[in-house]
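The whole structure should be built from the sequences, with the hints applied where relevant.
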Amino acid sequence: QKEVEQDPGPLSVPEGAIVSLNCTYSNSAFQYFMWYRQYSRKGPELLMYTYSSGNKEDGRFTAQVDKSSKYISLFIRDSQPSDSATYLCAMNKIGTDKLIFGTGTRLQVFP
Amino acid sequence: DAGITQSPRHKVTETGTPVTLRCHQTENHRYMYWYRQDPGHGLRLIHYSYGVKDTDKGEVSDGYSVSRSKTEDFLLTLESATSSQTSVYFCAIRETGSNYGYTFGSGTRLTVV
Numbered sequence: 175q176k177e178v179e180q181d182p183g184p185l186s187v188p189e190g191a192i193v194s195l196n197c198t199y200s201n202s203a204f205q206y207f208m209w210y211r212q213y214s215r216k217g218p219e220l221l222m223y224t225y226s227s228g229n230k231e232d233g234r235f236t237a238q239v240d241k242s243s244k245y246i247s248l249f250i251r252d253s254q255p256s257d258s259a260t261y262l263c264a265m266n267k268i269g270t271d272k273l274i275f276g277t278g279t280r281l282q283v284f285p
Numbered sequence: 115d116a117g118i119t120q121s122p123r124h125k126v127t128e129t130g131t132p133v134t135l136r137c138h139q140t141e142n143h144r145y146m147y148w149y150r151q152d153p154g155h156g157l158r159l160i161h162y163s164y165g166v167k168d169t170d171k172g173e174v175s176d177g178y179s180v181s182r183s184k185t186e187d188f189l190l191t192l193e194s195a196t197s198s199q200t201s202v203y204f205c206a207i208r209e210t211g212s213n214y215g216y217t218f219g220s221g222t223r224l225t226v227v
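Protein chains in written order, with this note's numbering: chain A, 175 to 285; chain B, 115 to 227.
Heads up, a few of these hints could be off.
To be verified - Example chain B residues on the side facing chain A (calculated, C-beta under 7 Å, incomplete):
hint, residue
1, Y214
2, F218
3, G221
Said to hold, decoys possible - Subject to a maximum C-alpha distance of 25 Å in a straight line, what follows is the list of computed SDA-like cross-link-like pairs (lysine to any residue):
hint, chain 1, residue 1, chain 2, residue 2
4, A, K176, B, D176
5, A, K272, B, V202
6, A, K216, B, E209
7, A, K216, B, Q199
8, A, K216, B, E141
9, A, K244, A, Y223
10, A, K241, A, K272
11, A, K241, B, S212
12, A, K272, B, N142
13, A, K272, B, K184
14, A, K230, B, N213
15, B, K167, B, T119
16, A, K267, B, G172
17, A, K272, B, E209
18, A, K216, B, D152
19, A, K272, B, S121
20, B, K171, A, D271
21, A, K272, B, D152
22, B, K125, B, S183
23, A, K216, B, Y145
24, A, K244, B, G215
25, A, K230, A, S256
26, A, K176, B, G177
27, A, K272, B, E173
28, A, K216, B, T210
29, A, K176, B, H155
30, A, K244, B, S212
31, A, K272, B, T210
32, A, K216, B, R123
33, A, K216, B, E173
34, A, K176, B, V202
35, A, K272, B, Y214
36, B, K171, A, Y206
37, A, K272, B, Y145
38, A, K216, B, G215
39, A, K272, B, L189
40, A, K267, B, Y145
Simulated from the structure, these hints should not be mistaken for laboratory data.
Ideal Cβ placement from N, Cα and C applies to all residues, glycine included.
This is the structure in structure tokens:
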């Protein structure tokens, strides 16, 4: 079993839709949670990060962490065609140097 | 890309040949990482470095070696390339003192024929 599970998609939604992307994890020691966005043939770029449980909002993006369920989510409101990319969740533990990634979910937003 | 340069961007090589990929940073960060990205597996850590001459293995280190003789350069070597090492390789740096500040390079697309 992988430490981090993520549905690969693809997820196809119309412009303006609310998108929900999710990851589950098995190791309760994870404390730092990140979402990366990766455009085709580019490197991943950090989109949002949270520490421990709770919500964080940045413009159209909201990240949620539920440590009791070992479940993290990224919500995109008013999705745009420019949001079409692969979204990767990532996490690491306090005191370690290793970032563990999900497999990524490919999102397509059509006009 | 936050001062990270990977070279080459693309490479085709034959099975059994050695290959070296280079990652160069201009920001003097201590931590550097090599990942590979494959369909269905996401990004997997190969090796990482926490300082000059200080390196450690990741989850998929077999068949790879690394060297870091200068802060700015982190080299990944495939000793004898195999077709299973066909992949996209990403270098990353972590900002000193940050648990989140990982920045990735643009990647090297390697094909082993």
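Hint numbers contradicted by this structure: none
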